[in-house]
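2 protein chains.
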Amino acid sequence: MWMAELAERSGVAVPTIKFYLREGLLPRGEARGATRATYDVEHVRRLRLIRALVDVAGFRLDRVREVLAVLDDPSVSLHEALGAAHQLLSPAVTEEPTQESRDAVAEVVRAVDSAADPDGRHATAVAAALDTMSRAGQPVSIEGLTRYARAVRELAAAEVGLVAPENRDEAVTYALLGSVLAEPAILGLRRMAHEDQSIRRFSDPS
Amino acid sequence: MWMAELAERSGVAVPTIKFYLREGLLPRGEARGATRATYDVEHVRRLRLIRALVDVAGFRLDRVREVLAVLDDPSVSLHEALGAAHQLLSPAVTEEPTQESRDAVAEVVRAVDSAADPDGRHATAVAAALDTMSRAGQPVSIEGLTRYARAVRELAAAEVGLVAPENRDEAVTYALLGSVLAEPAILGLRRMAHEDQSIRRFSDPS
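These protein sequence lines are chains A and B, in that order.
The first sequence lines up with residues 1 to 206 when you count with full-length UniProt numbering.
The second sequence lines up with residues 1 to 206 when you count with full-length UniProt numbering.
Since the hints were made in silico from the structure, they are not lab data.
Remember, it's a predicted structure, so these values are computed and weren't measured experimentally.
We put the beta carbon where it would ideally sit given N, CA and C, even for glycine.
Treat each hint with caution, since some may be false.
The calculated label-pair distances, taken between Cβ atoms and stated as ranges, are [claimed, not checked]:
| id | chain 1 | residue 1 | chain 2 | residue 2 | range |
| --- | --- | --- | --- | --- | --- |
| 1 | A | Val41 | B | Thr94 | 40 to 46 Å |
| 2 | A | Arg28 | B | Asp119 | 44 to 50 Å |
| 3 | B | Glu154 | A | Ile142 | 17 to 23 Å |
Residues on chain A that point at chain B, a partial pick, calculated with CB under 8 Å [unchecked claim]:
| id | residue |
| --- | --- |
| 4 | Arg65 |
| 5 | Leu88 |
| 6 | Leu89 |
| 7 | Val93 |
| 8 | Pro97 |
| 9 | Ala136 |
| 10 | Gly137 |
| 11 | Gln138 |
| 12 | Val140 |
| 13 | Ala149 |
| 14 | Ala185 |
| 15 | Met192 |
| 16 | Ser198 |
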């Protein structure tokens, strides 16, 4: 396909596509003469991944570049690429979580028999969040956290089960997109659920 | 209590407390001579709310001020204050969602019998998120969204049920804190669940 069709199918404007080509985030198309090139379905998929990382995950281009470098390294196994890409999704925390919160997260990882890295960035982000909640006077018990982890896990299993990737790029792209893309919807639904609950519980005129 | 104890109990540094006093976000204490004042448990609660809104929800001070103005207006009923404060939690969307996504969210609100405002900011944020997912090539069905809404709702009911507020301020503070404070932990747990799932499903060497 020509550049115009690539723009239409990916939803990314032509000037933006040209910028990604210059920055090396998007591979060159197949040259058709001096100034034109054709693109294929891999370009569409790559553009969708870049936009999801930028628009949804809020990545700056240097972090997008890091993710793409992991995906494009043929010496990295699919297993390793998935782990590394997942670690990049969560930013490094600025403040080291307490050992107590780290231990709580590790206990929950064991309780739900998770293959996630208990020392990885996601786990560190959860531990830091527990510290914030304690400081705000609303600590979470290990039981409460485990209940959350089980509920979230069932949803994740249902989501991932819908995906039947045909190759490595598609597997990693789906794994990352699936994580970040649905987050705003889930947070919004949870806020609506809280709105519903608080209206029901506290709706006496006062 | 004196300012030093207020700082210790709230976890907010003295210079920051003085800044909030100057900005009118925190009510003055009871004067004890020309330069000293004492504070009570309401000051501790107010400081925790401000820090949660700033640190966790990422609010700028002008939005904090809007939330506090709603809480402090005695002419606003508890029901209305909860609704208004919830609307302020979600920023106004910059791009109007499609009617199709708005209809999908309204259908889910009916399906789960929610009291949340189907035209409110949370609902608008969910509709906008659905548009983003469609554009990225991963549309969500109404069935999928309903499944999410049900799961999230069960968790929200369990969370809100833990709270037994004694007065209006406490009810609204808990309702808001409960929504925003746990979000980083929940997103982190969900990312860990996806990490777990993708490692399990795609872990063949390739």
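How the hints compare with the structure:
1. A:Val41 x B:Thr94: 40 to 46 Å: Since A:Val41 and B:Thr94 have Cβ atoms about 31 Å apart, the given range 40 to 46 Å is violated.
2. A:Arg28 x B:Asp119: 44 to 50 Å: holds, 47 Å
3. B:Glu154 x A:Ile142: 17 to 23 Å: holds, 19 Å
4. Arg65: violated, 19 Å
5. Leu88: Because about 11 Å separates A:Leu88 from the closest Cβ in chain B, which is outside the 8 Å limit, the hint is violated.
6. Leu89: holds, 6 Å
7. Val93: At 10 Å from the nearest chain B Cβ, A:Val93 fails the 8 Å test, so the hint is violated.
8. Pro97: With a minimum Cβ separation of about 11 Å from chain B (threshold 8 Å), the hint on A:Pro97 is violated.
9. Ala136: holds, 5 Å
10. Gly137: With a minimum Cβ separation of about 5 Å from chain B (threshold 8 Å), the hint on A:Gly137 holds.
11. Gln138: holds, 6 Å
12. Val140: holds, 7 Å
13. Ala149: holds, 5 Å
14. Ala185: Holds - the Cβ of A:Ala185 comes within 8 Å of chain B, reaching about 4 Å at its closest.
15. Met192: Where the cut-off is 8 Å and the nearest Cβ of chain B is about 4 Å from A:Met192, the hint holds.
16. Ser198: The hint holds - A:Ser198 has a Cβ within 8 Å of chain B, the shortest such distance being about 4 Å.
The structure does not agree with the numbered hints 1, 4, 5, 7 and 8 stated previously, though it agrees with the rest.
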